[in-house]
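Chemist: Here is what each chain is made of, one letter per residue.
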Amino acid sequence: MTNSPKTKALTGAQAVAQAMRQINPDVVSVFPITPQTAIMMQFSQFHADGLVETELVRVESEHSAMSCCVGASAAGARAMTATASAGLALMWEILGVASGLRLPIIMPVVNRALSAPINIHGDHSDAMGARDQGWIQIFCENGQEAYENTMLAVKLAEHKDVMLPVMVCQDGFITSHGVQNVNLFEDKVVKKFVGDYEPKKWLLNTDDPVTYGPLQLQDYYFETQKQRADAMLASKKIYLEIGKELSKITGSNYPLFEEYKLKDAEAVIVVMSSTAGNTKVVIDKMRAEGKKVGLLKPKLFRPFPYTEIAKALANKKYVAVLDRSENYGANAPLFGEIKNALFDSVVCGDKDVCVPKLKSYIFGLGGRNIFESDIEDVFDVLLSDNFDNKVGYIGLRGEEK
Amino acid sequence: MNYKELVNKPQKFAPGHRSCAGCGFPPIVRTVLASTDDPIVAACATGCLEVTSTIYPFTSWGIPFIHNAFENSAATISGVEAAYNALKRKGRIPKNKKIKFVAFGGDGGTYDIGLQSLSGALERGHDFTYILYDNEAYMNTGIQRSSSTPFGASTTTAPAGKVHQGKEEWKKDIMQIVTAHHIPYVAQASVHNPIDLSMKAEKALNTPGPAFLVVLQPCTLGWRYHPSMTIDMAKMAVESNFWPLYEVENGKYKLNYKPSKAIPIVDYLKPQGRFKHLFKPENKHLLDEMQKKVNERWDELVKKCE
Numbered sequence: 001m002t003n004s005p006k007t008k009a010l011t012g013a014q015a016v017a018q019a020m021r022q023i024n025p026d027v028v029s030v031f032p033i034t035p036q037t038a039i040m041m042q043f044s045q046f047h048a049d050g051l052v053e054t055e056l057v058r059v060e061s062e063h064s065a066m067s068c069c070v071g072a073s074a075a076g077a078r079a080m081t082a083t084a085s086a087g088l089a090l091m092w093e094i095l096g097v098a099s100g101l102r103l104p105i106i107m108p109v110v111n112r113a114l115s116a117p118i119n120i121h122g123d124h125s126d127a128m129g130a131r132d133q134g135w136i137q138i139f140c141e142n143g144q145e146a147y148e149n150t151m152l153a154v155k156l157a158e159h160k161d162v163m164l165p166v167m168v169c170q171d172g173f174i175t176s177h178g179v180q181n182v183n184l185f186e187d188k189v190v191k192k193f194v195g196d197y198e199p200k201k202w203l204l205n206t207d208d209p210v211t212y213g214p215l216q217l218q219d220y221y222f223e224t225q226k227q228r229a230d231a232m233l234a235s236k237k238i239y240l241e242i243g244k245e246l247s248k249i250t251g252s253n254y255p256l257f258e259e260y261k262l263k264d265a266e267a268v269i270v271v272m273s274s275t276a277g278n279t280k281v282v283i284d285k286m287r288a289e290g291k292k293v294g295l296l297k298p299k300l301f302r303p304f305p306y307t308e309i310a311k312a313l314a315n316k317k318y319v320a321v322l323d324r325s326e327n328y329g330a331n332a333p334l335f336g337e338i339k340n341a342l343f344d345s346v347v348c349g350d351k352d353v354c355v356p357k358l359k360s361y362i363f364g365l366g367g368r369n370i371f372e373s374d375i376e377d378v379f380d381v382l383l384s385d386n387f388d389n390k391v392g393y394i395g396l397r398g399e400e401k
Numbered sequence: 402m403n404y405k406e407l408v409n410k411p412q413k414f415a416p417g418h419r420s421c422a423g424c425g426f427p428p429i430v431r432t433v434l435a436s437t438d439d440p441i442v443a444a445c446a447t448g449c450l451e452v453t454s455t456i457y458p459f460t461s462w463g464i465p466f467i468h469n470a471f472e473n474s475a476a477t478i479s480g481v482e483a484a485y486n487a488l489k490r491k492g493r494i495p496k497n498k499k500i501k502f503v504a505f506g507g508d509g510g511t512y513d514i515g516l517q518s519l520s521g522a523l524e525r526g527h528d529f530t531y532i533l534y535d536n537e538a539y540m541n542t543g544i545q546r547s548s549s550t551p552f553g554a555s556t557t558t559a560p561a562g563k564v565h566q567g568k569e570e571w572k573k574d575i576m577q578i579v580t581a582h583h584i585p586y587v588a589q590a591s592v593h594n595p596i597d598l599s600m601k602a603e604k605a606l607n608t609p610g611p612a613f614l615v616v617l618q619p620c621t622l623g624w625r626y627h628p629s630m631t632i633d634m635a636k637m638a639v640e641s642n643f644w645p646l647y648e649v650e651n652g653k654y655k656l657n658y659k660p661s662k663a664i665p666i667v668d669y670l671k672p673q674g675r676f677k678h679l680f681k682p683e684n685k686h687l688l689d690e691m692q693k694k695v696n697e698r699w700d701e702l703v704k705k706c707e
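From first to last, the protein sequence lines are chains C and U. Residue numbers 1 to 401, in the numbering used here, belong to the letters of the first sequence in order. Residue numbers 402 to 707, in the numbering used here, belong to the letters of the second sequence in order.
Worth double-checking, as some hints may not be accurate.
Here chain U is said to cover these stretches of chain C; the calculated rule only asks that three of the stretch's residues, wherever they fall, bring their Cβ under 8 Å from a Cβ of chain U [said to hold, decoys possible]: (1) 52-64; (2) 74-81.
To be clear about the criterion: a stretch of chain U counts as covered by chain C if any three or more of its residues have a C-beta under 8 Å from a C-beta of chain C, and this derived list gives those stretches [stated by the list, open to error]: (3) 465-472; (4) 490-504; (5) 597-608.
Source of the hints: derived by calculation from the structure; they are not laboratory data. Glycine is no exception: its CB is placed at the ideal position from the N, C-alpha and C atoms.
Excised from the complex, chain C in its bound form (with noise of 0.2 Å):
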């Protein structure tokens, strides 16, 4: 590493809040959920100690946190918010305000589940109810990952021909309250390294008015969609660009997705966020025992890198896709993505990809822990060339392994 960064002991929330801190936004809207307030109380202090320059607005729900994002971003400000479950849903609507104006809002969310029944642990449904609002979704496995992805998504939220909102997820409680090593790099090297934000048009630039947020009927709505979906396509070459950049500083890589002893595996865990970590514990452990085993861990869920996927997943014979969200009536999320990916590379002749089995897995919704043994049962049923294409059910009462 390039810079000596310092070792901290710290919870994925307090990580986030790090990096807040050392971005230093414009304007920050602060609204409490669980597990996501750990992040806006750890910043609130900062900005109580003097250690930021940012206005903090406390506004009265989610949904005005967002819409302050929406005004504070049009108005030539670096803005940040940060959700989970319920906040994110009622943000819904205003997510899609700001990706279709093209404001570059980051806004860390602590995923958990969604009401009903209410509960307050970590699953996947939220950001997947929300993704395709039109924003960048990078999800992370750890603390130190949603550290480095802040910072990396301020640059790829500004870029120009980006100019999109980004989520940075990381699991609810297990990552957000779990303690680990942190490292965080110098303040001057984060601040340096995200710039300045220098808006093109902005509301505060009173000289030169511009009308944010217009009427468009079937004349132009259509194609103001069209340069949205064109924008979110072109970040991913732009995230892989950024993410070199960002290397330098950390020595770590940021590729669209993590590989884990892939390449010669012939059955292959494809999972999102904290659960990577564990798998690649159970990796070790069968790869020892002489079993190709591998992880394909998705960091970029949106845009999704389909092609890229396709060919990391050609010739492997066992491809189990875990999901931590229910998709009711329908593939669950990740899985229905991955299933995509491989259709569309052999529909169009890519012949170096021969679809594996697949199989999908639902886990750990509303908190249910998953174990090592679980995700070992996962790889074996896959190694026994003897499952059926029904989804599976992790730890859930009365499914048998």
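Could you slot chain U onto chain C? The hints should help.
Modeler: Below, chain U alone, put in the same frame as chain C:
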């Protein structure tokens, strides 16, 4: 400001927008924007004003403008004002540059779906002026009842019929709700009196902290009167004591206009198609109830202004 000064102010809301003939809000917007020489940034809730003035690729707004959604005009301007404070502190905006912040909303976007957002912004004390153009129903979607719709009015979601006679509840008192936030300036104005309106807008805009101004905006389609009568309708609302002109400055109530002799409420209701059914003989008691309520509310207000 007198009429001459007012009309000679630079035009910040351009003609060519697509509001109805006889619409009451363009003169409200023009008067408010003419009431300061400082640069203004405006936010606007979804509604008639926004959809008729910003049809892409055109805009009537000669000032920076943002429309976000229906229920969050106040939260949006909060963000703009917060950005102003932050960027000023960081030196990206000159320290001596003054900007005024205005949020517009209709009655649906203010009394109903945007009430929480408004309350939050008032409580937080942002330096902005909220302008409520009150046309007493969801006009943009086709004349549906709002909590601002007056008792007895027929709307498309509370129509007059064989059993029900239009709205059966009284109009919400937004002035009391806003005043309860103890913000420095709260006022009620009417589009027919631009001198009073611009005096109030000027005060509101120059008041540090939040200020609120509700302006009655007769709606030719929703109220069902001839488009030439918009200003007359607003005037009758005031002359009947249905819509008193008053202000609450640092908690002190002041009546700005007292009709020498109030006209009966029926004179105000009669030209409006939305109240037509009330004039059937069997509905006379409803008109009586309305007159009674107007008198009660007026007396309450006069007491507060003493």
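Chemist: A separate judgement is required for each hint: does it hold in the structure or not?
Modeler: A quick look at each hint next to the structure:
Counting residues of the region 52-64 of chain C whose beta-carbon sits less than 8 Å from any beta-carbon of chain U gives 10, enough to reach three: the coverage restraint holds. Against chain U, the region 74-81 of chain C contributes 5 residues with a C-beta closer than 8 Å to a partner C-beta. That satisfies the three-residue criterion, and the hint holds. Requiring three or more residues with a Cβ within less than 8 Å of a Cβ of chain C, the coverage given for the region 465-472 of chain U holds, as 7 such residues are present. Chain C is given as covering the region 490-504 of chain U, and this holds because 5 residues of the stretch bring a CB closer than 8 Å to a CB of that chain, at least three being needed.
Residue count for the region 597-608 of chain U with a Cβ under 8 Å from a Cβ of chain C: 0. That is fewer than the three needed, and the coverage hint is violated.
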